[in-house]
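Visitor: Sequence:
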Amino acid sequence: MPLEHSPRPLWLTFDCYGTLIQWDEGLRAAIDRILDEKGEHQVDRETLISVYDHHEHALEQTPPHRNFRTLAGLSLQRALQELGLTANEHDGALLTDSISAMPPFPEVVGTLGQLKALGYKLCIVSNTDDDVISGNVAQLGGYIDRVITAQQAGAYKPDRRLFDHAHQQLGVSLDQVVHICASPHLDHAAARDMGFRCVWIDRGTGRQLLADYTPDAILPTLDGVPGLFKSLGW
2 MPLEHSPRPL
12 WLTFDCYGTL
22 IQWDEGLRAA
32 IDRILDEKGE
42 HQVDRETLIS
52 VYDHHEHALE
62 QTPPHRNFRT
72 LAGLSLQRAL
82 QELGLTANEH
92 DGALLTDSIS
102 AMPPFPEVVG
112 TLGQLKALGY
122 KLCIVSNTDD
132 DVISGNVAQL
142 GGYIDRVITA
152 QQAGAYKPDR
162 RLFDHAHQQL
172 GVSLDQVVHI
182 CASPHLDHAA
192 ARDMGFRCVW
202 IDRGTGRQLL
212 ADYTPDAILP
222 TLDGVPGLFK
232 SLGW
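Position in the sequence shown (from 1) plus 1 gives the number in the working numbering.
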C-alpha cells in the first residue's frame, strides 16, 4: 500500500536496533571489549561480528524458540569457537548487557517527541527480550506507548508471527499502521509478505534492499519522518 493517497496511520511501529538505537556502533564496542578481555588481537572484529550474525539469524529461525539472552550467548559462543577462540558464559552476558545500554541516535528522542505531538501512537517491535530492551526504552524520553518483543510473540523477525502478534495486540489493521525500520533482511521481508506500509531509514550502513521489495519511502535519518508525513497531509 503506497503512502500517497493512503489513510493516516493511528500507530507508528519501529524497529529498535539500528533505527532508534545505535546498534552497529554498540555492537562493535561490545565485541572489542570481548576480544580485549581475551587478549585476542589476531581475529578481526568485523569477521567475528559477521560470523556471530550468521549464527544468530540461523538460531532465531530454528526451533525451539529461545529467549534472546540465551540465543545471543549461544550464537557468540559458536562464533568464537568457529574462529578458534575460547568462549564462556561471561561473553554472552557482556554482550547482552551492552545491548541494553546502547544509546539512541542523536535525532531520535526529539523526533519521537514531534511524532507524539502530531498525535501518533508509538510502538517498538523488536527481536529481543523485555528485560534487554527496557534499558534502551528508558533512554527514549518516555514517548514509546508500547513495546512488543520476540519474547512476547515467541517468534523472531522475519517470521511474520511477530508482526501478527503486534498488530493483534495493538488492535490495528494494515491501513492503520506504518512501520519504520532499518533492516531490509528482517523487516522488509515481513512488509513484503504482509503488505504493511514501510519507511526505510537507510543510515548508510551498506545494508542492501531485497531484490523483490522496495519500501514506500527511504530517508537517511529518523528526523525526516515528520516532514514526510506532513507532506502527505497527515
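No wet-lab data here; the hints were simulated from the structure.
One or more of the hints may lead you astray.
With a Cα cut of at most 25 Å, we get these calculated SDA-like pairs of lysine to any residue [claimed, not checked]:
1) K122 with K39
2) K122 with G136
3) K122 with G143
4) K117 with E90
5) K122 with H166
6) K122 with Y144
7) K231 with G136
8) K39 with V110
9) K39 with R70
10) K39 with K117
11) K231 with V110
12) K117 with D224
Please read these numbers as outputs of a predicted model, since none were measured by experiment.
Visitor: So if I understand the rule, the pair passes when the alpha-carbon distance is 25 Å or less; does K122 with G143 pass?
Guide: holds (12 Å)
Visitor: Given the hint that K117 pairs with D224, does the C-alpha gap stay at or below 25 Å?
Guide: Holds, because 13 Å separates the two Cα atoms, which is no more than 25 Å.
Visitor: Given the hint that K122 pairs with Y144, does the C-alpha gap stay at or below 25 Å?
Guide: Distance ~9 Å between K122 and Y144 Cα, so the pair holds.
Visitor: Would you check the hint for K39 and V110, treating anything up to 25 Å between C-alpha atoms as holding?
Guide: violated (36 Å)
Visitor: Would you mind confirming whether the straight-line C-alpha gap from K122 to K39 stays at or under 25 Å?
Guide: The given pair, whose Cα atoms are some 45 Å apart, is violated under the 25 Å limit.
Visitor: Would the pair K39 and K117 pass a check requiring their Cα atoms to be no farther apart than 25 Å?
Guide: Roughly 45 Å separates the two Cα atoms, so the pair is violated.
Visitor: Can you confirm whether the C-alpha distance between K231 and V110 stays at or below 25 Å?
Guide: holds (19 Å)
Visitor: Would the pair K122 and H166 pass a check requiring their Cα atoms to be no farther apart than 25 Å?
Guide: Holds, at roughly 17 Å.
Visitor: Could you grab the alpha-carbon distance between K122 and G136 and see if it respects the 25 Å cut-off?
Guide: holds (20 Å)
Visitor: For the pair supplied as a hint, K231 and G136, confirm whether the alpha-carbon distance does not exceed 25 Å.
Guide: violated (31 Å)
Visitor: Is it true that the CA of K117 sits at most 25 Å from the CA of E90?
Guide: Violated. K117 to E90 sits at ~40 Å, over the 25 Å cutoff.
Visitor: Next pair to validate is K39 with R70; report whether the Cα-Cα distance is within 25 Å.
Guide: Holds, because 21 Å separates the two Cα atoms, which is no more than 25 Å.
Going through the hint list in order, the structure does not satisfy hints 1, 4, 7, 8, 10.
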